[in-house]
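Asks: Given the coordinates of chain A, work out where chain B should sit on it, guided by the hints.
Protein chains in written order, with my numbering: chain A, 203 to 283; chain B, 8 to 414.
Since the hints were derived computationally from the structure, they do not count as laboratory data.
Hints may be right or wrong, so weigh each one.
One side of the interface only, derived from the structure: several residues of chain A facing chain B at Cβ under 10 Å [unchecked claim]: (1) Leu241; (2) Met244; (3) Asp255.
Computed list of lysine-lysine pairs in DSSO-like fashion (alpha-carbon distance at most 27 Å, straight line) [said to hold, decoys possible]: (4) B:Lys110 to B:Lys300; (5) B:Lys201 to B:Lys110; (6) A:Lys280 to B:Lys209; (7) B:Lys15 to A:Lys224; (8) B:Lys110 to B:Lys98; (9) B:Lys227 to B:Lys300; (10) B:Lys201 to B:Lys330; (11) B:Lys171 to A:Lys280.
Non-contacting residues of chain B with respect to chain A, defined by C-beta distances greater than 12 Å in every case (computed) [said to hold, decoys possible]: (12) Met8; (13) Gly22; (14) Asp30; (15) Lys51; (16) Ser95; (17) His112; (18) Ala212; (19) Asp243; (20) Ala342; (21) Ile390; (22) Lys395.
Since the structure is predicted, the reported quantities are computational estimates derived from the model, not experimental observations.
C-beta atoms are modelled at their ideal positions from N, C-alpha and C, and glycine is treated no differently.
Each chain is listed here by its residues.
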Amino acid sequence: MTRDTVFTEIARLLERFRAGDKAISFDTVIAEDLTMDSLQVMDLMMELEDRFDVSIPLNLVPEIATVGQLADTIYASKVGA
Amino acid sequence: MGLFDRFKTIREVHGAVTACGADPFGVKMEKIVSSTEAMVEGRKTILCGSNNYLGLTFDADCIAAAQDALKEFGTGTTGSRIANGSYSCHKALEADLADFYGKKHCMVFTTGYQANLGAISTLVGPGDFLIIDADSHASIYDAARLGHATVIRFRHNDPADLDKRLARLANEPGNKLVVVEGIYSMLGDHAPLKEFVEVKKKHGAYLLVDEAHSMGVMGKTGRGLLEQEGVDADVDFITGTFSKSMGAIGGFLISDHPEFEILRVSCRPYMFTASMPPSIVASVRASLAHLRKHPELMTKLWRNVDTLYHGLEAAGFRLGRQKGPVVAIHINDPALAARAWHGLLQNGVYVNLALPPATPSGTALLRCSVCAAHSTEQLRRVIDVVTKVGLELGLIADQSARIAAAE
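The shape of chain A in the complex, shown without the other chains (with noise of 0.2 Å):
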């Protein structure tokens, strides 16, 4: 598994939070460009949690703005597990 194989998988899961014609890029900012509110994010870590059979602690959230960085962070803990 590399870091872009970890982003495609994230970006189809956010596909139904898009908004727009725009595409989800590593620069797009969850709480802005996405049409999710915060408990949609956290349900969201769930979902990632067992996508990627990873632990997302609750306290990295509020460090994790874009998708780039949400993909950085599940792929280090894939790695470092």
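Replies: Leaving out everything else, chain B in the frame of chain A:
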């Protein structure tokens, strides 16, 4: 950017809700008539959203005990337990509660919120793991932010999901504390505690159960869900509040852990706030004594739960899945829920309006809570009014039309 600019979204949502004609989060109770009635906008109103499960707020013994303590010890302690000392009544209440739960240790907090905040933020620290139900109360989420443990959420009331998440932490050396609630305050459902106990044992985790809404409500003697499920011995920590069935304010933490007492000099929400006023302590001791002497109050409460739950169910409302003293009516549209809430108030019935994000899964709720002191007539009146308003707003279909359609 102005200081209050970031509240723009909240201001908009609040504005949309108050468009129903009143502010559901700013109701003025002009006079409290009894444990089940108040004057609101000049009208006598049935209180069906006060969490006053046993109706002890006007109990003569509780009031007398509070008055005596007020005269003997004064209006307040003016400081914390570590600075101004523990009054004999604080120690006596802690002994009463430890005895009630059959555990060795108890510490009381000034509010139930602080009990969770203090216990959960202090029991686990750096390198440890705090594992919380996704639908946890705000006090548990705030404890997670105050403390230094790594926080993991699991799917609401799902022991298999907890098992999976604890399994991912199997190689982590830190302590693990799992937190669940006896009765969840919004939908009134309760934790599958036996299954959670099995999971926590399997992974060597600690289990804390918040019995805020279940103490004095569930279990043969009122200890809560852990008593009903017969898992008293397997629960490591219990928190709860005196502001619901006990009819006052304050909170507690209980455990058998041999090193418990160190928390008194390490738990900040216990150490750095003024302790419970003696009059409140006295009324809580009287409430607890009353519950222990009259557990039949809970029988009365559950009979009332049957009346309200089945009455609203028969009228066609979609209710919380598990029957209990919190009866939540699902209404998908928050604006419609606010109008329904206001309609009830105008007809002399007070319930809580609960909106996302305080509610699970983005639903709006008319949250009713049942009191042992409600009369059957009061509950029938509540059912009639809710049904009338529900029909007017199209929340339920006309029963005669439904019967005709069935034929």
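Asks: Next, verify each hint and record whether it holds.
Replies: Hint check results:
{"no.": "1", "hint": "Leu241", "in the structure": "holds (5 Å)"}
{"no.": "2", "hint": "Met244", "in the structure": "holds (7 Å)"}
{"no.": "3", "hint": "Asp255", "in the structure": "holds (7 Å)"}
{"no.": "4", "hint": "B:Lys110 to B:Lys300", "in the structure": "holds (20 Å)"}
{"no.": "5", "hint": "B:Lys201 to B:Lys110", "in the structure": "holds (19 Å)"}
{"no.": "6", "hint": "A:Lys280 to B:Lys209", "in the structure": "holds (25 Å)"}
{"no.": "7", "hint": "B:Lys15 to A:Lys224", "in the structure": "holds (26 Å)"}
{"no.": "8", "hint": "B:Lys110 to B:Lys98", "in the structure": "holds (15 Å)"}
{"no.": "9", "hint": "B:Lys227 to B:Lys300", "in the structure": "holds (12 Å)"}
{"no.": "10", "hint": "B:Lys201 to B:Lys330", "in the structure": "holds (19 Å)"}
{"no.": "11", "hint": "B:Lys171 to A:Lys280", "in the structure": "holds (16 Å)"}
{"no.": "12", "hint": "Met8", "in the structure": "holds (15 Å)"}
{"no.": "13", "hint": "Gly22", "in the structure": "holds (18 Å)"}
{"no.": "14", "hint": "Asp30", "in the structure": "holds (23 Å)"}
{"no.": "15", "hint": "Lys51", "in the structure": "holds (38 Å)"}
{"no.": "16", "hint": "Ser95", "in the structure": "holds (41 Å)"}
{"no.": "17", "hint": "His112", "in the structure": "holds (29 Å)"}
{"no.": "18", "hint": "Ala212", "in the structure": "holds (14 Å)"}
{"no.": "19", "hint": "Asp243", "in the structure": "holds (22 Å)"}
{"no.": "20", "hint": "Ala342", "in the structure": "holds (17 Å)"}
{"no.": "21", "hint": "Ile390", "in the structure": "holds (32 Å)"}
{"no.": "22", "hint": "Lys395", "in the structure": "holds (33 Å)"}
Every hint, counting from the list given before, is met by this structure.
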